[in-house]
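*Asks:* Okay, here's what each chain looks like letter by letter:
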Amino acid sequence: MGPVPRTLELFYDVLSPYSWLAFEVLCRYKNIWNISLQLQPTLIGGILRESGNQPPAMLPHKAVYLRSDLRLLSQHHQVPIHFPKDFFSVILKKGSLTAMRFLTAVKMEHPELLEKVSRELWMRVWSRDEDITEPPSILAAAEKAGMSMEQAQELLERVSTPQVKNQLKETTEAACKYGAFGLPVTVAHLQDETHMLFGSDRLELLAHLLGEKWMGPVPPAVNAKL
Amino acid sequence: MGPVPRTLELFYDVLSPYSWLAFEVLCRYKNIWNISLQLQPTLIGGILRESGNQPPAMLPHKAVYLRSDLRLLSQHHQVPIHFPKDFFSVILKKGSLTAMRFLTAVKMEHPELLEKVSRELWMRVWSRAAEKAGMSMEQAQELLERVSTPQVKNQLKETTEAACKYGAFGLPVTVAHLQDETHMLFGSDRLELLAHLLGEKWMGPVPPAVNAKL
Chain A
1 MGPVPRTLEL
11 FYDVLSPYSW
21 LAFEVLCRYK
31 NIWNISLQLQ
41 PTLIGGILRE
51 SGNQPPAMLP
61 HKAVYLRSDL
71 RLLSQHHQVP
81 IHFPKDFFSV
91 ILKKGSLTAM
101 RFLTAVKMEH
111 PELLEKVSRE
121 LWMRVWSRDE
131 DITEPPSILA
141 AAEKAGMSME
151 QAQELLERVS
161 TPQVKNQLKE
171 TTEAACKYGA
181 FGLPVTVAHL
191 QDETHMLFGS
201 DRLELLAHLL
211 GEKWMGPVPP
221 AVNAKL
Chain B
1 MGPVPRTLEL
11 FYDVLSPYSW
21 LAFEVLCRYK
31 NIWNISLQLQ
41 PTLIGGILRE
51 SGNQPPAMLP
61 HKAVYLRSDL
71 RLLSQHHQVP
81 IHFPKDFFSV
91 ILKKGSLTAM
101 RFLTAVKMEH
111 PELLEKVSRE
121 LWMRVWSRAA
131 EKAGMSMEQA
141 QELLERVSTP
151 QVKNQLKETT
161 EAACKYGAFG
171 LPVTVAHLQD
181 ETHMLFGSDR
191 LELLAHLLGE
201 KWMGPVPPAV
211 NAKL
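Quick mapping for you: the protein sequence lines, in order, are chains A and B. Here the first sequence is numbered in the UniProt record's numbering, starting from 1 and rising by one per residue. Here the second sequence is numbered in the UniProt record's numbering, starting from 1 and rising by one per residue.
Incorrect hints may appear among the rest.
Listed next, the in silico BS3-like pairs over lysine-lysine satisfying Cα-Cα at most 25 Å (straight line) [stated by the list, open to error]:
id : chain 1 : residue 1 : chain 2 : residue 2
1  : A       : K169      : A       : K93
2  : B       : K93       : B       : K153
3  : B       : K157      : A       : K62
4  : B       : K116      : B       : K157
5  : A       : K177      : B       : K62
6  : A       : K116      : A       : K165
7  : A       : K94       : A       : K165
8  : A       : K144      : A       : K116
9  : A       : K94       : A       : K116
10 : B       : K165      : B       : K153
11 : B       : K93       : B       : K62
12 : A       : K62       : A       : K93
13 : B       : K62       : A       : K169
14 : B       : K201      : A       : K213
15 : A       : K62       : A       : K94
16 : A       : K165      : A       : K177
17 : B       : K165      : A       : K62
18 : A       : K62       : B       : K62
Below, a sample of chain A positions facing chain B; criterion: calculated Cβ distance under 8 Å [what the hints assert, rightly or not]:
id : residue
19 : N53
20 : L59
21 : K62
22 : Y65
23 : L73
24 : F181
25 : F198
26 : E204
Because the hints were derived from the structure by calculation, they are not lab data. All values reported here derive from a predicted model rather than from experimental measurement. Every residue, glycine too, gets a C-beta built ideally from N, C-alpha and C.
Using the sequences provided together with the hints, build the complete structure.
*Replies:* Structure representation (structure tokens):
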């Protein structure tokens, strides 16, 4: 048996396009690097409040820059990101509370589906400019990810239970304790140290810390680790 | 003769450690990629004022993060960055007006020395080379008495305004002039993306040294 896989926690919110970039790259590398990827559904609104930070889009020059940055990164990373027509409404008004509670419930009950359901929610809000706040929207994403309608309905009902609400709160607080002021946050648990890395642009550095090879955001596909 | 080198403008301020990272990486690649690197001494204070942005260190969690981010990047990029003992005094009070006017004058009078002098100033502010970072500013002050003409002051202002026009809200800013389009990239962490836009190969922040392009 080889060396123990290093645990990587990825704290993310589907409202965050940069979280999507980090998510896809780490999903690609989880079968290449000796890592155990732990997806952590988190509420970006909670992170920003706790740290006193603002969404970058609140600064006019950053809002302009974000659009071209995401367009170029989308191409380079081969992740189909498209800005929603009414960006401010989607991000600042509608938010992601229900979606992230749903993903929290998925993680608690059907962790093997967490990756796929997360991806389908991103595809809705950050690729096809579709809603993720209404129950039918969430159920549609879950179904597309391969969940049965019964399973999805059941999980949706659990969204408003104290257990699910508290779990999302705890995960968000854990990210804050690591020093998060935004998302995505990757926490690498190495033998002697723990590193918190912010952003989708610290993954080459992460490779360096892991002693692994960086092959860009779209590494050649390999057979799953045996 | 091969294809025309693509012009890359690097807008930087020696007060900015992330500018130093971008600077060193681009200096390494300028003899590998088909580019013409134009160093643009810029005033980060002017960029922040113009865009209404703050230095990231003003947010407590970011200030904590910066220290470890720069420590790790310093190792990975092989650039000897060390936080100055009195960080807030260096960055926020002393600033870099003198140093950046000095570099503007160097660019106007001795452009072939701009890379080396810029590096020396970074070594003094952001490395352990000087015990008190303020000392370098005083030395630059003396030299500046001799070069602080309206032309130099205006040139720095114009360069800073040019960066603002490109949409800068901080530094470093790399502007890539491609055949059909111009791209403004912010930060020292968009250089792999830059390679992709240039159609060049990214070999990490410390590429193997090659002989200078003939």
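*Asks:* Now tell me, hint by hint, if it's right for this structure.
*Replies:* These are the hints, each one checked on the structure:
1. K169(A) x K93(A): Holds. K169(A) to K93(A) sits at ~20 Å (cutoff 25 Å).
2. K93(B) x K153(B): holds, 20 Å
3. K157(B) x K62(A): holds, 22 Å
4. K116(B) x K157(B): holds, 22 Å
5. K177(A) x K62(B): holds, 13 Å
6. K116(A) x K165(A): holds, 21 Å
7. K94(A) x K165(A): holds, 18 Å
8. K144(A) x K116(A): holds, 9 Å
9. K94(A) x K116(A): Holds: K94(A) and K116(A) sit about 22 Å apart, inside 25 Å.
10. K165(B) x K153(B): Roughly 18 Å between the alpha carbons, so the hint for K165(B) and K153(B) holds.
11. K93(B) x K62(B): holds, 19 Å
12. K62(A) x K93(A): holds, 19 Å
13. K62(B) x K169(A): Distance of about 22 Å is within 25 Å: holds.
14. K201(B) x K213(A): Since the Cα atoms of K201(B) and K213(A) sit roughly 16 Å apart, the hinted pair holds (cutoff 25 Å).
15. K62(A) x K94(A): holds, 21 Å
16. K165(A) x K177(A): Holds - the C-alpha atoms of K177(A) and K165(A) are around 18 Å apart, at most 25 Å.
17. K165(B) x K62(A): holds, 13 Å
18. K62(A) x K62(B): holds, 17 Å
19. N53: N53(A) check passes; min Cβ-Cβ to chain B is 6 Å, inside 8 Å.
20. L59: With a minimum Cβ separation of about 6 Å from chain B (threshold 8 Å), the hint on L59(A) holds.
21. K62: holds, 6 Å
22. Y65: holds, 6 Å
23. L73: The hint holds - L73(A) has a Cβ within 8 Å of chain B, the shortest such distance being about 7 Å.
24. F181: Interface hint status for F181(A): holds (4 Å vs cutoff 8 Å).
25. F198: It holds, given that the least Cβ distance between F198(A) and chain B is near 6 Å, below 8 Å.
26. E204: holds, 7 Å
Of the numbered hints listed earlier, not one is contradicted by the structure.
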